[in-house]
Every structure is written in structure tokens, then in C-alpha cells.
Amino acid sequence: MSVEIRKYDVVIVGAGLAGCAAARECQMAGLKTVVLTKVHPLRSHSGAAQGGINAALNEADTTSHEFDTVKGSDYLGDQDAIELMCQKAPETIRWLEKMGAVFSRNEDGSIAQRPFGGQSQPRACFAKDRTGLICLQTIYEQAHRAGVEFLDEWYVGDLVYDNATSKVNGVVACNLRDTQFAIFNAKVVMFATGGYGRTYKINSNAHANTGDGLSIVARHGLPLEDMEFVQFHPSGLAGSGVLMSEAARGEGGHLLNSNGERFMSKYAPEKMELASRDVVSRGIEREIMEGRGVGEKKDAVYLDVRHLGEEKIMERLPELRDLALAFLGQDMAKEPIMIRATAHYSMGGIPTDINCHVKKNPTETVTGFYAAGECACVSVHGANRLGANSVLEAVLFGRHAGENIVKDIEAIAMVDVDESSADKFMKEVDWVIATNGSERVPALRAYLQETMTENAGVFRDEARLAKQKEIIKEIRKRYQNIRIDDSSRLFNTDMQEAIELGHMIDYAAFIVEGALARKESRGAQYREDYQSRDDANFLYHTYATMDGEGNISLDKGAVSIGKFQPEARTY
Amino acid sequence: MSTTRTLRFRVFRFNAETDYLPAYKIYDLEVDEHELMLDVLDKIKWTKDGSFSYRRSCRHGICGSCAIKVNGKSIIACKDNVFELADLFETDELIIEPSRTERAVKDLIVDKKDFWSKYDAVKPYLVAEIDEHPVKENLVTPEDAELINEADQCIQCGVCYYACPAVEVNPDFIGPAALAKAARFTTDVRDDAKLDRLEIVNELGKGIWDCVKCYECATACPKGVDPIGKITTLHNQTFEEDMAEDNVATRHAVGFKHAIARHGLLDETEIVRYSEGTFGMVKHIGVGLDMMRAGKVVMPWNMHNSKNLDEVKKLIKSSSTTTFKGK
Numbered sequence: 001m002s003v004e005i006r007k008y009d010v011v012i013v014g015a016g017l018a019g020c021a022a023a024r025e026c027q028m029a030g031l032k033t034v035v036l037t038k039v040h041p042l043r044s045h046s047g048a049a050q051g052g053i054n055a056a057l058n059e060a061d062t063t064s065h066e067f068d069t070v071k072g073s074d075y076l077g078d079q080d081a082i083e084l085m086c087q088k089a090p091e092t093i094r095w096l097e098k099m100g101a102v103f104s105r106n107e108d109g110s111i112a113q114r115p116f117g118g119q120s121q122p123r124a125c126f127a128k129d130r131t132g133l134i135c136l137q138t139i140y141e142q143a144h145r146a147g148v149e150f151l152d153e154w155y156v157g158d159l160v161y162d163n164a165t166s167k168v169n170g171v172v173a174c175n176l177r178d179t180q181f182a183i184f185n186a187k188v189v190m191f192a193t194g195g196y197g198r199t200y201k202i203n204s205n206a207h208a209n210t211g212d213g214l215s216i217v218a219r220h221g222l223p224l225e226d227m228e229f230v231q232f233h234p235s236g237l238a239g240s241g242v243l244m245s246e247a248a249r250g251e252g253g254h255l256l257n258s259n260g261e262r263f264m265s266k267y268a269p270e271k272m273e274l275a276s277r278d279v280v281s282r283g284i285e286r287e288i289m290e291g292r293g294v295g296e297k298k299d300a301v302y303l304d305v306r307h308l309g310e311e312k313i314m315e316r317l318p319e320l321r322d323l324a325l326a327f328l329g330q331d332m333a334k335e336p337i338m339i340r341a342t343a344h345y346s347m348g349g350i351p352t353d354i355n356c357h358v359k360k361n362p363t364e365t366v367t368g369f370y371a372a373g374e375c376a377c378v379s380v381h382g383a384n385r386l387g388a389n390s391v392l393e394a395v396l397f398g399r400h401a402g403e404n405i406v407k408d409i410e411a412i413a414m415v416d417v418d419e420s421s422a423d424k425f426m427k428e429v430d431w432v433i434a435t436n437g438s439e440r441v442p443a444l445r446a447y448l449q450e451t452m453t454e455n456a457g458v459f460r461d462e463a464r465l466a467k468q469k470e471i472i473k474e475i476r477k478r479y480q481n482i483r484i485d486d487s488s489r490l491f492n493t494d495m496q497e498a499i500e501l502g503h504m505i506d507y508a509a510f511i512v513e514g515a516l517a518r519k520e521s522r523g524a525q526y527r528e529d530y531q532s533r534d535d536a537n538f539l540y541h542t543y544a545t546m547d548g549e550g551n552i553s554l555d556k557g558a559v560s561i562g563k564f565q566p567e568a569r570t571y
Numbered sequence: 572m573s574t575t576r577t578l579r580f581r582v583f584r585f586n587a588e589t590d591y592l593p594a595y596k597i598y599d600l601e602v603d604e605h606e607l608m609l610d611v612l613d614k615i616k617w618t619k620d621g622s623f624s625y626r627r628s629c630r631h632g633i634c635g636s637c638a639i640k641v642n643g644k645s646i647i648a649c650k651d652n653v654f655e656l657a658d659l660f661e662t663d664e665l666i667i668e669p670s671r672t673e674r675a676v677k678d679l680i681v682d683k684k685d686f687w688s689k690y691d692a693v694k695p696y697l698v699a700e701i702d703e704h705p706v707k708e709n710l711v712t713p714e715d716a717e718l719i720n721e722a723d724q725c726i727q728c729g730v731c732y733y734a735c736p737a738v739e740v741n742p743d744f745i746g747p748a749a750l751a752k753a754a755r756f757t758t759d760v761r762d763d764a765k766l767d768r769l770e771i772v773n774e775l776g777k778g779i780w781d782c783v784k785c786y787e788c789a790t791a792c793p794k795g796v797d798p799i800g801k802i803t804t805l806h807n808q809t810f811e812e813d814m815a816e817d818n819v820a821t822r823h824a825v826g827f828k829h830a831i832a833r834h835g836l837l838d839e840t841e842i843v844r845y846s847e848g849t850f851g852m853v854k855h856i857g858v859g860l861d862m863m864r865a866g867k868v869v870m871p872w873n874m875h876n877s878k879n880l881d882e883v884k885k886l887i888k889s890s891s892t893t894t895f896k897g898k
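Residue numbers (my numbering), protein chains in the order written: chain Z, 1 to 571; chain W, 572 to 898.
Because the hints were derived from the structure by calculation, they are not lab data.
Built from N, CA and C at the ideal position, the CB exists for glycine as well.
Treat the hints with care, as some may be off.
Unchecked claim - Far from chain Z by the CB rule (all over 10 Å, computed), these chain W residues:
#, residue
1, THR577
2, ARG627
3, ASN642
4, THR672
5, ASP685
6, GLU816
7, ILE842
8, VAL843
9, THR849
Said to hold, decoys possible - The calculated SDA-like cross-link candidates involving lysine to any residue, where the alpha carbons are at most 25 Å apart (straight line), are:
#, chain 1, residue 1, chain 2, residue 2
10, W, LYS614, Z, PRO442
11, Z, LYS201, W, LYS777
12, W, LYS777, W, VAL843
All chains, please: the whole structure from these sequences, using the hints.
This is how it looks when you write it as C-alpha cells:
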């Protein structure tokens with residue numbers, strides 16, 4: 001089969017907030033830019049963000065936003081990047097507003113802000129409880145208006161990377177409509193491919209969030225950073241894990257156990273339900289483990305917002321009310337609803353420097369390769385992200401990546417590539433369609449997700465992690481023996497799911513290896529066998545690389561410490 | 572304990588590459604009371620036939636990928652409970668089809684080009700000089716923000732578009748979703764292209780005057796956008812901006828006001844006379860006679876006045892903005 005080679009200045013993979021923001025910058029600077037996405041841009045998971053986007057709109061609050069973020073990160077966040085983010089946040093919000101985002105307003109017409117977990121001030125700007133949707137629409141609309149070319153339902157399967165020169169020259173993709181392959185040959189590639197929450201059984205992520213971008217990078221021997229840090233959001237709907245925004249607690253919601261106690265008084269006496277997410281999630285899971293859960297299987301706790309009154313619920317949390325009705329048949333205006341912790345956000349990812357250049361190792365960068373948003377690890381979230389910092393990071397660093405591409409591109413060469421660059425991905429697809437084993441992809445994926453939740457979830461220890469390492473090895477072996485039903489070249493979603501599972505297996509191994517080696521508890525990583533933070537031995541970023549057999553090697557990267565020296569973290 | 576039921580699903584299967592005609596395959600599945608239609612689609616794909624194809628992503632009603640039809644009802648699969656649908660149609664057998672069978676490419680996946688081209692047609696973005704490094708936001712009152720809010724909830728799922736009978740008979744009709752999008756920007760105080768957009772949607776044969784006001788879109792919308800309410804907003808804005816041409820479609824709209832102004836009650840004969848002219852009524856004689864026989868038409872000499880006719884007239888006078896272009 002022949003492969004088309006298309007030439008661009010800039011190829012961006014992923015059309016969520018980060019991808020669209022970067023694309024607009026590149027397009028407006030006159031660069032020939034294309035955005036590839038496996039769904040339509042408006043279907044991107046950025047749109048599912050609910051509660052808010054942080055900014056110290058009152059300038060006096062900036063240092064406090066920085067401190068809250070550093071403390072939230074359990075001191076693993078890079079303070080230079082955090083400083084940049086917090087300082088540029090107000091401009092970013094107002095830029096979104098100028099482009100058309102309809103934020104909820106104060107009586108005087110200024111942008112309203114609500115309290116969020118782990119924060120000393122109300123600084124989450126919001127559009128009711130559909131903040132992500134409104135921001136995504138706005139940025140996509142303005143990128144579209146600027147003339148960015150969007151190719152939707154294109155699946156990117158490989159990076160064209162020249163190891164000898166450390167230069168990225170494009171990506172290999174296939175059109176999902178007809179499985180036709182193309183090489184997008186470019187001076188610059190940017191990844192904005194989202195997170196990896198779907199490795200877990202109970203998660204809040206979209207079906208599309210299979211984290212392919214991460215393992216595409218890792219398969220070239222490039223490192224991934226801090227993969228062990230997976231955020232479990234305190235309030236996923238019982239059963240499905242679908243998100244109930246932190247806004248529910250920000251607006252004053254209570255968490256109750258089977259005895260009707262506000263149990264957070266035990267775990268975070270001061271901040272209660274508005275402690276950092278890792279703290280609240282552990283509180284919830286601890287209550288369930290100790291038998292104080294609610295529901296048929298006692299595997300949930302109550303989120304109670306009734307005291308806010310129906311009017312405020314409809315004004316501030318209408319989407320959440322709808323979700324609880326659809327999934328549980330529970331009306332939060334009239335009764336408490338059942339929630340439990342759900343895998344939500346990936347703090348780890350593709351390592352980048354503060355200007356979004358992808359790193360080859362802790363000190364050097366790759367040429368012509370950028371990353372931003374949830375797939376990247378810059379790292380502003382460290383070991384735990386604060387609520388309403390992710391939408392901010394995606395927009396701000398997405399745009400920042402675009403600005404840096406524009407700044408750098410003149411010095412970056414266009415290296416022509418030939419058809420053979422597509423061989424690896426084409427072989428992978430052909431193999432998946434043709435192979436005739438006995439393992440079924442949905443069952444194997446379910447096995448991976450269930451065991452990751454069980455052995456590498458909210459609470460971890462040596463024994464379970466070691467067991468999971470073996471399970472992943474077993475799954476990797478069984479994956480070689482799969483069979484799919486669909487042999488068509490037309491919208492072969494069966495093939496797509498199989499390719500995605502291959503990626504999930506690869507990066508799941510990074511999560512487990514990182515968690516095993518980190519013999520401490522920090523932020524979202526909680527080791528029952530090492531319950532405290534150990535700055536003397538573990539105040540570093542994990543850099544992990546994978547060999548051809550899936551074996552992982554670990555390295556260390558320095559944490560950027562600025563104004564705030566590590567200290568004890570209580571809420 | 573949660574209850575389960577065994578239901579039968581008759582599913583539209585088609586592959587444009589290999590099939591000349593679609594086929595309906597039957598799957599019997601045990602369904603839990605909390606399961607949504609998307610769970611059924613996943614179960615078919617994951618346990619019965621991996622080649623079964625449909626779009627989906629967020630699984631909680633915010634990304635708009637999974638629009639389908641169940642027993643002819645246009646829905647997004649991840650929002651509708653299976654038991655509720657079965658109860659609504661009083662059946663144990665549900666028919667699952669793409670949102671428009673004629674546009675099916677593979678199973679439930681349709682070619683949505685028509686939908687997106689309509690979206691593009693209304694300039695779906697804020698037109699304004701963007702301050703790239705602002706230090707202050709625009710001040711917008713909560714009331715002005717609220718005006719935009721309802722239309723801004725739209726997730727472009729296409730449920731209303733593929734439920735709209737006017738789109739079905741008139742492929743040029745922009746349709747409810749894109750018209751709601753247009754209204755989202757024409758009501759935005761920050762936008763500079765209100766008149767351009769109104770001109771686009773005011774075009775006869777394509778725009779707001781081709782809506783038949785059946786309310787299917789408002790009923791079908793999974794997000795409470797009320798597209799027909801937004802079409803009405805656009806109707807009013809064309810009058811306010813002195814853009815409404817004097818033609819049969821606009822006169823039909825104004826005919827309601829006119830008819831009510833005479834008697835304080837809706838006089839349907841008068842609407843027809845006003846919008847089509849006395850002569851134009853001739854072509855409706857057949858229908859008119861049938862309606863008369865069925866007692867659906869009040870004869871002019873039997874038309875009585877509302878008790879509060881004076882107040883109705885005052886209300887109309889103080890609130891009406893309907894004047895035709897140049898008149």
C-alpha cells in the first residue's frame with residue numbers, strides 16, 4: 001500500500017485545550033499548521049472539565065496561588081513552572097473571556113470565582129459546572145476562525161524520530177474512515193494527547209483517553225516522568241466513576257459515612273471536605289475499608305448538598321444534578337448521592353522543560369518536539385494536582401508551546417522523510433487485523449484495569465505492586481495472542497481498541513515501576529509500607545525509559561525549588 | 572437489590588464497503604436498571620460482535636459523540652436509561668439505528684458532513700478584535716451572561732438536527748443546532764457580526780423562516796438548549812434590526828399578532844388570510860372545507876372577542892417590534 005507524505009510546518013496531535021491553543025498561535029504567525037485528532041475537536045476530553053479554572057484575578061493573591069499549588073504538589077512541582085503558570089493565569093482567563101468564553105459573573109460584571117480544594121482563596125473562575133466545555137468551544141472556535149486545518153478521526157500511531165540527531169520529523173497516522181496511512185512530515189511536532197486515567201477500572205475519563213501519546217514516545221526509548229502519580233478524584237459516581245465536580249464541595253457540600261458523620265474531620269480537621277484531593281480520596285477509601293460505607297455493597301459514601309437549596313443547585317451545579325439522576329436515579333436536591341474515589345488525572349507524562357520542549361533525559365531536549373496539557377509533565381502538579389489547575393495548565397501551556405514553536409521554528413530544519421517511516425505502524429495495524437489468536441481485547445483490557453485498581457490504586461504496597469508487575473508481564477504476553485472480529489478497513493474501531501490496549505499495557509508498566517521504586521508516600525502516591533514523605537531520598541522526578549522487551553529503567557531528575565522550601569503538609 | 576430485565580435489541584448493521592443494503596441483527600441482553608443505552612452498545616461490541624461500530628467518548632453527556640435513534644427517538648446513548656426507553660415505548664424490544672439511516676457509513680456511524688457544513692455556515696465563533704494580552708475582562712452583567720448561557724450549553728451532538736422534520740424534507744435548511752449557535756452569538760454583547768449572521772439566517776429556503784415550529788428540537792435536545800426558543804430569538808432580532816422582508820413566511824409569523832390583535836383570541840382563518848392574502852386562500856379551500864366539517868374552523872361571523880381585548884391590544888402595542896423592512 002502506498003503512503004501519502006504530507007508536508008507542514010507544524011503538526012499538532014490532539015485537539016483539546018492545549019492543542020487548539022497552540023494551533024491558533026502557530027496559524028496566526030503564518031505557519032502551515034494541522035491538528036490531528038482521533039475524535040472531532042469538540043469531542044475532546046477537555047470539554048468534560050466541570051468546576052473551574054484557577055487564576056489570582058486579584059494580583060495580591062498570586063503568591064498564595066503559587067504556594068497552594070506547591071503545597072498541593074507535595075513539593076514535587078517545579079516551582080519555576082508553577083511561578084510562570086500562576087503569574088500568567090489572570091491574563092489567560094481574560095484572554096479566554098475576550099475570545100468569547102461565557103464565565104459566570106459577579107453583580108458588577110466581573111468574572112466570579114468559587115472556592116476549591118486545597119486553596120486558601122476562592123480563585124476558581126467558572127462557567128456554571130461546564131467550565132471545560134465553554135473553554136474548549138471558545139478556543140476551538142477561534143482556532144477555526146484563524147484558519148487552522150483540523151483533521152478529525154485520524155489516529156496517530158507513531159512518531160518519526162531520528163535518534164541519531166535527536167530530532168522529530170513528523171508523525172504517522174491513519175484515517176479511521178478508510179485505514180489509509182499518511183506521514184505528516186513537519187519541522188515541528190507537538191503532542192497534546194491527554195492523560196492515562198483509563199488504565200483503571202473505576203475512572204472518570206472518556207473512552208478516548210487511552211494515553212496513546214505517552215507510549216508512542218516511550219517506544220522510541222524516550223523517557224516518561226513521574227508516571228506513578230495518578231490522581232484519584234474524591235467524588236466519582238458510585239459504580240461508573242463518572243465525575244461529580246469538586247465544585248459540589250466548593251459550594252459547600254458535605255461528605256457523610258454510614259453513621260451520618262462528616263468523617264473528614266478525622267483526616268483534615270481544618271479544611272474538611274476542601275482538603276487536597278489525595279487527602280479526601282484516602283479519607284473516603286479508608287471509611288469504606290473500615291466498614292462505614294453506604295449502599296448495597298457498602299462501597300460508597302454520601303455527598304450531601306441538600307442544604308444548598310434547589311435554587312443554588314440549579315444555578316451553580318445543574319450538570320451534576322443531571323448526571324446523578326441519569327446514572328444513579330438520585331436527585332441531589334432531595335437526597336444525598338453515592339460517590340467514591342475515581343481515577344481522574346495523570347500528573348505524570350512526557351517530560352518537558354518550562355518552554356514545553358520535550359526532554360530526552362533529565363538535562364537535554366529533543367529538537368522539533370513539544371508537549372503540553374495532561375500528556376505532558378512540565379511539572380506544575382508534582383505529586384498531586386489542585387482542582388481547577390488542569391484547565392489552566394492546558395490552556396496556558398498549550399498557548400505557551402505555540403508561542404515557543406513560533407519563536408524557535410526558524411532555526412529548526414525541515415528533514416524530508418520517506419515512506420519507510422510508516423512501516424512500523426502499518427505493520428502493527430496489519431498484524432492486529434490479521435492475527436488469529438484466542439485472547440479477546442475487551443476481556444484483557446478489563447483484566448488490566450481491574451488489577452491496576454486493585455494493586456496500584458489509592459493505597460499501595462510492595463507486595464501488591466510486585467504482583468501487578470508480574471500481571472502486566474502476563475498481559476503483555478497474552479496480548480501477542482489476540483484476535484479481533486473486524487477485518488474491514490472502514491471505521492475499524494475494533495482494531496483501534498486493540499492498538500489502544502497495546503499502549504495501555506506499555507505505560508501501565510511505567511506507573512507500577514515508578515510506584516515500586518518510590519518507597520515513600522507523597523501526594524497521590526500512598527504506600528502503606530512507607531507512610532511518610534521522605535525528602536532526603538525521594539525529592540526527585542522519576543525518569544523512566546523502556547527497552548524493546550518492555551523492561552523499564554529508572555533515572556532521577558532534579559526538582560526546581562524556588563521560594564518555598566519543603567515543609568510538613570497538613571490541611 | 573437492583574433489578575434486571577432481558578430485552579431484545581434489533582440493531583441496524585451496515586458496512587458501506589461491502590453491503591448493498593443494511594440488515595437488522597437481533598441481540599438479547601440482560602440489562603440492569605441503571606444501564607444506559609451506551610452500556611448496551613458496549614455490551615454488544617465487547618461480548619457479541621467486535622465489528623459493531625458506533626461513536627462514543629465521554630460517556631456522560633458532554634462530548635456529543637454518541638447520537639443515535641432508538642425506536643425512532645433521537646438521543647445521545649450515554650444519557651438515556653434503557654428501562655425508561657423500554658417503558659416509554661411499552662416494549663421489550665428496542666430498535667437501534669443511526670441518527671440518519673441514509674447517511675450511515677458503518678452501523679451507527681453516519682457521515683456528518685451535512686451537519687458540520689451547517690455549523691460552519693453561521694460563522695460559529697465570536698467576531699471581535701481579540702486583545703491577545705488583556706489586563707481586564709469585558710464587564711458583562713450576570714443577566715447578559717445568562718442570555719447566552721442556554722445556547723452555549725449545546726454540545727453539537729446533532730440530536731435535534733436529525734430529529735428535525737424540516738431538515739429531512741429540505742436539505743438546505745440550516746437546522747436547529749446551527750441556528751441556536753447563531754443565536755448564541757447574536758445575543759452576545761461582545762460580538763461584532765450580529766447583522767452578518769442575521770443576514771445568513773434570514774435567507775428564505777435556508778434559514779429561520781423555514782422552521783415549521785413543531786418543537787421536535789426542544790423535545791429531543793439532551794442539554795436543555797431549547798433550539799426553537801433560539802430560532803424565535805432570531806425571528807425577533809430580524810424585526811428589531813429592520814431586516815425582515817415582507818413575504819409569506821414573515822407575514823405568517825406576524826399573522827399571529829395580527830389575528831390576536833383583532834379579537835384578543837387566535838383567529839386561524841385570519842392568519843391564513845393575512846399571510847397569503849384573500850386570493851391566496853383559494854388554494855386552501857379543500858383543507859378549509861375538511862376542517863370546517865370537522866368543526867375546527869370558526870366562521871368569521873361566529874368569532875367573538877376576548878373579554879380583555881383592550882388590555883391585549885395595549886400589551887401588543889407596548890411590546891411588539893414587528894415591522895417589515897423599509898415599512
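The hints, checked one at a time:
1. THR577: holds (21 Å)
2. ARG627: The claim is violated: ARG627 (chain W) sits with its nearest Cβ about 6 Å from chain Z, within 10 Å.
3. ASN642: holds (19 Å)
4. THR672: holds (16 Å)
5. ASP685: With a cut-off of 10 Å, ASP685 (chain W) remains clear of chain Z, as the shortest Cβ separation is near 14 Å.
6. GLU816: holds (29 Å)
7. ILE842: holds (37 Å)
8. VAL843: holds (41 Å)
9. THR849: About 48 Å separates THR849 (chain W) from the closest Cβ of chain Z, which puts it past 10 Å; holds.
10. W:LYS614 <-> Z:PRO442: OK: LYS614 (chain W) and PRO442 (chain Z) at ~10 Å, within 25 Å.
11. Z:LYS201 <-> W:LYS777: Since the Cα atoms of LYS201 (chain Z) and LYS777 (chain W) sit roughly 47 Å apart, the hinted pair is violated (cutoff 25 Å).
12. W:LYS777 <-> W:VAL843: With a Cα-Cα distance of about 22 Å, the restraint between LYS777 (chain W) and VAL843 (chain W) holds, given a limit of 25 Å.
Of the numbered hints stated above, those contradicted by the structure are hints 2 and 11, listed in ascending order.
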